[in-house]
Amino acid sequence: MTTQRYPTTWRRPPQILKDRRWRIAIQIGIVVYLFLAIGTVEVNWSRVYDGLERGQRFVMGFLQPDFTSRWRDISQGLVESLTMTLTSTVIGVAISVPIGIGAARNLAPRWVYYVCRAIIAVSRALQEVIIAIFFVAMFGFGPFAGFLTLSFATIGFIAKLVADDIEEIDEAQVEAVRATGASWAQLVNYAVQPQVMPRLIGLSLYRLDINFRESAVIGIVGAGGIGATLNTAIDRYEYDSAGAILLIIIGIVMIAEYSSSYLRKFLQ
Amino acid sequence: MLTLEGLSKTYKTGDAALTEVSLSVPKGQIMGLIGPSGAGKSTLIRCINRLVDPTAGRILLGDVDLVRLGKADLRRQRRRIGMIFQEYALVERLTVMENVLSGRLGYVPFWRSFLRRYPGPDIQRAYQLLDRVGLIDHADKRADALSGGQRQRVGIARALAQDPELLLVDEPTASLDPKTSRQIMRLLTEICAERGLPAIVNIHDVPLAQQFMQRIVGLRAGRVVFDGAPDQLTHDALTAIYGEEDWNAMRQGDDEQSQAEAEARDRMAALAR
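These protein sequence lines are chains A and B, in that order. Just so we're aligned: 189 in the numbering used here is position 32 of the first sequence, and the numbers increase by one with no gaps anywhere. Just so we're aligned: 648 in the numbering used here is position 113 of the second sequence, and the numbers increase by one with no gaps anywhere.
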């Protein structure tokens, strides 16, 4: 038989490091570093024990959530958070769209591209909590600082992803519309918008959901909303109320998650 | 109608795509542009409506030199040149009607195109063109719901919506089956004849070119190496354009294909009876 001439075993050739010695050295290096790193973490075991007791009270509060005694605070915080979320998403997306178009290499002139990419970089580099601290210092405690924070963070997120999406559109469709004698604005409206719209809607819904979660976090540094209520409850050792707030946050995030994934599927 | 004088294009990489191409296309003539891949067919067509900027030479459409135009003038001149693309290049997520109306973009202000409020005569004309290419019932469908042949018909209607004085056609049948290819070529030649429209058609299917074109220009490495009637396209001429190959075998293959098609048609007709 002629098939006898061919080998019966095959191994995938190494893709990144061709040299076997290097591969082994790097693997050993990673393991050694891991052990050394774990060794430097200081753990105060008696403190952990104390913490467990507190954690137990926390869990008990969770198991017996108290929705009623602080309901006024909770509902006010919730309304603030939801308002903050919706307004900041709408405003943020509205500002992101022109910035995203400007940050797409294939649509914008060089200098516009660099300016828009710089705005995006600044927005993405600063974490929400840091911006929130800054805005709280500027405009005082309350949901207005939260609204500004979330709008700002939304710009970095949506504008970057929209710009990347625009850079990957089908150029043939753009060329065809350009060949009709269309202006730049008509080109964007006819050749670019139809190609990126489904993704823009999907991203906006996703951002809505992120903004709600972030509104709980930035509330802790004073930017209003349900996070502020949660912070107060924990400060007062009212773990039953804190548990109730966390359950509500989880519930709303789940609803947002399911409805946005349903909507996105519907839009495809 | 269209005159090219010493048209040259050198890309930034230093590749000379076109060298000193001079051509003249009179009114109503359908000219086929053949040549191997990379001969500069696509570049030549794209230079004419300035999707690619030529390095040297003149392009006269009527008495306007298209090479020396500012942005606004270029847009105004592009309206006069309809273009039909390989792979259709329709905007997939827009409706068929929006695709056809996009041929009017150079004529309407932004607010009209944005709100899809086109002037009555434009809409009437779009319907008329859709009827001409046999797609009037598909006006409200999305372009990506159509088959290949139907999409190319929409492409033709979009180009005609511009009321062009010249058609540029880039590999119109590259992604279509042989039968649909012939239907599309027939439609194109009929429409050009109806309106006395001159057309430049990039085509790599030589037998198809010979069947439908009135004149054939052969490009090789960016230079015109053949210019004449389809029946002058002899064995030697093809060799000059493409290099050595068994041309008779290729023609035979095409004959076989059309015979097979004819047989298949007969069989379908027999089944229908």
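Be aware that a few hints might be false.
Label pairs and their computed distance ranges (CB to CB) [as the list claims (entries may be wrong)]:
#: 1; chain 1: B; residue 1: 546; chain 2: A; residue 2: 279; range: 31 to 39 Å
#: 2; chain 1: A; residue 1: 163; chain 2: B; residue 2: 591; range: 42 to 50 Å
#: 3; chain 1: B; residue 1: 756; chain 2: A; residue 2: 275; range: 54 to 62 Å
#: 4; chain 1: B; residue 1: 572; chain 2: A; residue 2: 325; range: 33 to 41 Å
#: 5; chain 1: B; residue 1: 656; chain 2: A; residue 2: 325; range: 44 to 52 Å
#: 6; chain 1: A; residue 1: 355; chain 2: B; residue 2: 572; range: 47 to 55 Å
#: 7; chain 1: B; residue 1: 591; chain 2: A; residue 2: 341; range: 21 to 29 Å
#: 8; chain 1: B; residue 1: 644; chain 2: A; residue 2: 251; range: 40 to 48 Å
#: 9; chain 1: B; residue 1: 588; chain 2: A; residue 2: 355; range: 28 to 36 Å
#: 10; chain 1: A; residue 1: 275; chain 2: B; residue 2: 749; range: 25 to 33 Å
#: 11; chain 1: B; residue 1: 762; chain 2: A; residue 2: 420; range: 53 to 61 Å
#: 12; chain 1: A; residue 1: 251; chain 2: B; residue 2: 599; range: 39 to 47 Å
Calculated from the structure, these hints are not laboratory results. Everything numeric in this text was worked out from a predicted model, so none of it was measured. Note that beta-carbon positions come from the ideal geometry of N, C-alpha and C, so glycine has one too.
Compare the structure with the hints numbered earlier in the document and write down the numbers of the violated ones, lowest to highest. The structure breaks hints 2, 3, 4, 5, 6, 8 and 10; every other hint is satisfied.
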